[in-house]
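Respectively, the protein sequence lines represent chains A and B.
Residue numbers for the first sequence, in the numbering used here: 1 to 98.
Residue numbers for the second sequence, in the numbering used here: 1 to 233.
There's no promise every hint is true.
Said to hold, decoys possible - So the derived list for chain A, only partly shown, Cβ under 7 Å to chain B, looks like this:
| hint | residue |
| --- | --- |
| 1 | P10 |
| 2 | Y37 |
| 3 | E39 |
| 4 | P81 |
Said to hold, decoys possible - Result set (DSSO-like, lysine-lysine): computed pairs, CA atoms no more than 27 Å apart in a straight line:
| hint | chain 1 | residue 1 | chain 2 | residue 2 |
| --- | --- | --- | --- | --- |
| 5 | B | K17 | B | K183 |
| 6 | B | K183 | B | K87 |
| 7 | B | K105 | A | K8 |
| 8 | A | K18 | A | K6 |
| 9 | A | K6 | A | K55 |
| 10 | B | K105 | A | K6 |
| 11 | A | K6 | B | K152 |
| 12 | B | K205 | B | K105 |
| 13 | B | K184 | B | K222 |
| 14 | A | K8 | A | K18 |
| 15 | A | K8 | B | K183 |
| 16 | A | K93 | A | K8 |
| 17 | A | K8 | B | K184 |
| 18 | A | K6 | A | K93 |
| 19 | B | K125 | B | K152 |
| 20 | B | K124 | B | K205 |
| 21 | A | K6 | B | K17 |
| 22 | B | K184 | B | K105 |
What the hints assert, rightly or not - Calculated Cβ distances over 10 Å to all of chain B for the following chain A residues:
| hint | residue |
| --- | --- |
| 23 | A5 |
| 24 | W22 |
| 25 | T24 |
| 26 | D26 |
| 27 | G27 |
| 28 | I30 |
| 29 | F34 |
| 30 | M52 |
| 31 | D53 |
| 32 | A54 |
| 33 | K55 |
| 34 | S57 |
| 35 | V77 |
| 36 | T80 |
| 37 | K93 |
Hints in this document: simulated from the structure, not taken from any laboratory.
All residues carry an ideal CB built from backbone N, CA and C; glycine is no exception.
The residues making up each chain are set out below.
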Amino acid sequence: MYSAAKLKVPGGKLISVKVTYWHTIDGVQILGDFFIYPEESLNAIEKSLVGMDAKASEQEISRHVQSVVDRNGITLVGLTPEAIAQVVKQAIKSLNGE
Amino acid sequence: MNMAIDESILEHIRDGKSEPTIRFYRWNPSAVSIGRFQSMNDEVNIGQCRSEGIDFVRRITGGGAVYHDHDGELTYSILGQESLFPKSIWESYRMICGRIINGLKRIDINAQFAPINDILVNGKKISGNAQTRREGVLLQHGTILYRLNVAKMFSVLNVSMEKISDKMIKSVEERVTSIYSEKKVSFQELYEAILHGMTEYRDHKFGELSRSESTRARELSKTYASDDWNFIR
């Protein structure tokens with residue numbers, strides 16, 4: 001299944017995600033006008049989400065992204081792990097009709 | 001070519017072959033640039049750009065899509081070793097934007113820094129900025145709106161048709177302003193004011209691209225013209 005969602009981070013930037021998933025997340029693309037340093041690390045965040053249970057809670061996704069950020073010394077500007085989790089979950093929910 | 005020139009200078013500074021550089025330029029032809037993490041197809045009306053001869057390119061800096069009208073804006077790039085700037089990304093935006101704001105004072109425009117990366121006049125955006133740091137070098141792209149052409153901007157950026165209404169255009173004009181709306185100064189006066197703001201109390205000299213910078217820029221321009229780069233997202 002494929003789904004997309006957008007979110008304006010309060011005080012931050014616009015994030016949109018495109019998610020393909022079935023029981024697990026098969027692919028995620030995170031797009032928007034935010035900043036990430038180093039830039040290449042967005043790929044690490046996206047790849048790290050692949051394989052996660054599509055039913056993972058927003059908190060679980062957020063904690064997972066936060067751990068990738070911490071482990072790789074990533075600086076997020078205009079977006080947060082919580083916002084990424086929120087919009088990923090929003091995309092999955094929108095297709096499930098939740 | 002503009003993005004290729006910036007990356008070439010960045011590499012030369014990294015290698016100790018070039019001095020910190022401030023570059024002022026205009027886009028000819030007019031162009032749309034998108035941020036590093038945006039989708040070209042989502043953000044840009046490619047068909048309209050092609051039919052109007054407007055370029056489109058992905059920047060190496062983050063941030064949003066910008067329509068660079070040849071007659072409507074002054075663009076700048078600031079490049080130097082990271083050690084010359086505050087370590088905090090937020091503070092470095094504040095520092096560099098502060099220099100733009102000082103420059104605008106010279107033409108009697110009172111502007112304010114609006115974190116993360118904008119400059120406002122009377123609450124309306126007049127300048128956007130986008131920064132990257134790589135291999136010890138900071139690059140900040142920025143643009144100052146000289147004249148605003150909202151209809152043109154909407155024709156090349158992907159705004160849904162229902163949003164291209166008088167109300168939408170009015171809404172943009174309520175949130176965005178331009179130098180010429182604020183003060184009837186010439187483009188040259190704007191350039192001189194910003195140049196002064198950027199260089200005041202700093203040793204500087206005027207120059208052209210070195211042969212090596214130009215050669216590398218020509219090589220890099222192939223990447224910036226490629227679909228592999230521009231449509232990577």
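Hint by hint, here is what the structure shows:
Below 7 Å, beta-carbon pairs count as interface contacts, and P10 of chain A has none with chain B, the closest being about 13 Å; its hint is therefore violated. Because the smallest distance between the Cβ of Y37 of chain A and any Cβ of chain B comes to about 6 Å, under 7 Å, the interface hint for this residue holds. With 7 Å as the threshold, the beta carbon of E39 of chain A comes within range of chain B, its nearest partner Cβ sitting at about 5 Å, so the hint holds. Given the 7 Å rule on beta carbons, the hint for P81 of chain A is violated: about 16 Å separates it from the nearest Cβ of chain B.
Restraint check for K17 of chain B and K183 of chain B: the C-alpha separation of about 40 Å exceeds 27 Å, so the hint is violated. For the given pair, K183 of chain B sits about 35 Å from K87 of chain B by alpha-carbon distance, which is inconsistent with the 27 Å threshold. As the CA atoms of K105 of chain B and K8 of chain A are separated by approximately 32 Å, the hinted pair breaks the 27 Å bound. At most 27 Å may separate the alpha-carbon atoms for a hinted pair to count; K18 of chain A and K6 of chain A meet this at roughly 9 Å.
Taken as a hint, the K6 of chain A and K55 of chain A pair is honoured in the structure, with Cα atoms around 19 Å apart against an allowance of 27 Å. Proposed proximity of K105 of chain B and K6 of chain A is contradicted: the alpha carbons are some 38 Å apart, above 27 Å. Taking the CA atoms of K6 of chain A and K152 of chain B, the gap is about 25 Å. The hint holds against a cut of 27 Å. With a CA separation close to 23 Å, the supplied pair K205 of chain B and K105 of chain B stays within the 27 Å bound.
A distance of roughly 39 Å separates the Cα atoms of K184 of chain B and K222 of chain B; the hinted pair therefore is violated under the 27 Å criterion. With a C-alpha separation of about 15 Å, the suggested pair K8 of chain A and K18 of chain A falls inside the 27 Å cut-off, and the hint holds. About 33 Å separates the Cα atoms of K8 of chain A and K183 of chain B, which puts this hinted pair outside 27 Å; it is violated. For the proposed pair K93 of chain A and K8 of chain A, the alpha carbon gap of about 17 Å is at most 27 Å, so the pair holds.
For the given pair, K8 of chain A sits about 35 Å from K184 of chain B by alpha-carbon distance, which is inconsistent with the 27 Å threshold. Between K6 of chain A and K93 of chain A the alpha-carbon distance is near 13 Å, which keeps this suggested pair within the 27 Å criterion. With a C-alpha separation of about 18 Å, the suggested pair K125 of chain B and K152 of chain B falls inside the 27 Å cut-off, and the hint holds. For the suggested pair K124 of chain B and K205 of chain B, the alpha carbons sit about 33 Å apart, so the restraint of at most 27 Å is broken.
For a cut-off of 27 Å, the pair hint linking K6 of chain A to K17 of chain B is broken: about 43 Å separates their Cα positions. With a CA separation close to 14 Å, the supplied pair K184 of chain B and K105 of chain B stays within the 27 Å bound. At roughly 13 Å from the closest C-beta of chain B, the C-beta of A5 of chain A stays outside 10 Å, upholding its exclusion from the interface. Taking the minimum C-beta to C-beta distance to chain B, about 23 Å, the non-interface status of W22 of chain A holds against the 10 Å cut.
With a cut of 10 Å on Cβ distances, T24 of chain A stays outside the contact zone with chain B, its closest approach being about 23 Å. The beta carbon of D26 of chain A is kept farther than 10 Å from every beta carbon of chain B, the shortest such distance being approximately 18 Å. Every Cβ of chain B is farther than 10 Å from the Cβ of G27 of chain A; the closest lies at roughly 13 Å, confirming the non-interface assignment. Listed as outside the interface, I30 of chain A is inconsistent with that label: its C-beta sits roughly 7 Å from the nearest C-beta of chain B, within the 10 Å cut-off.
For F34 of chain A, the requirement that its beta carbon stay farther than 10 Å from each beta carbon of chain B is not met, with the minimum near 6 Å. For M52 of chain A, the condition that its CB be more than 10 Å from all CB atoms of chain B holds, with the nearest at approximately 21 Å. With a closest Cβ-Cβ approach of about 26 Å to chain B, D53 of chain A is found to remain outside the 10 Å limit, as its non-interface label requires. Its beta-carbon lying about 22 Å from the closest one in chain B, A54 of chain A satisfies the requirement of being farther than 10 Å from that chain.
K55 of chain A, annotated as away from the interface, keeps every beta carbon of chain B farther than 10 Å; the closest lies near 27 Å. Look at S57 of chain A: its CB is around 25 Å from the nearest CB on chain B, clear of 10 Å, so calling it non-interface holds up. A Cβ of chain B approaches the Cβ of V77 of chain A within 10 Å, the least distance being about 6 Å, so the stated non-interface status is violated. The claim that T80 of chain A lies off the interface holds: its Cβ sits roughly 13 Å from the closest Cβ of chain B, which is beyond the 10 Å cut-off.
With a closest Cβ-Cβ approach of about 21 Å to chain B, K93 of chain A is found to remain outside the 10 Å limit, as its non-interface label requires.
Hints 1, 4, 5, 6, 7, 10, 13, 15, 17, 20, 21, 28, 29 and 35, counting from the list given before, are not met by this structure.
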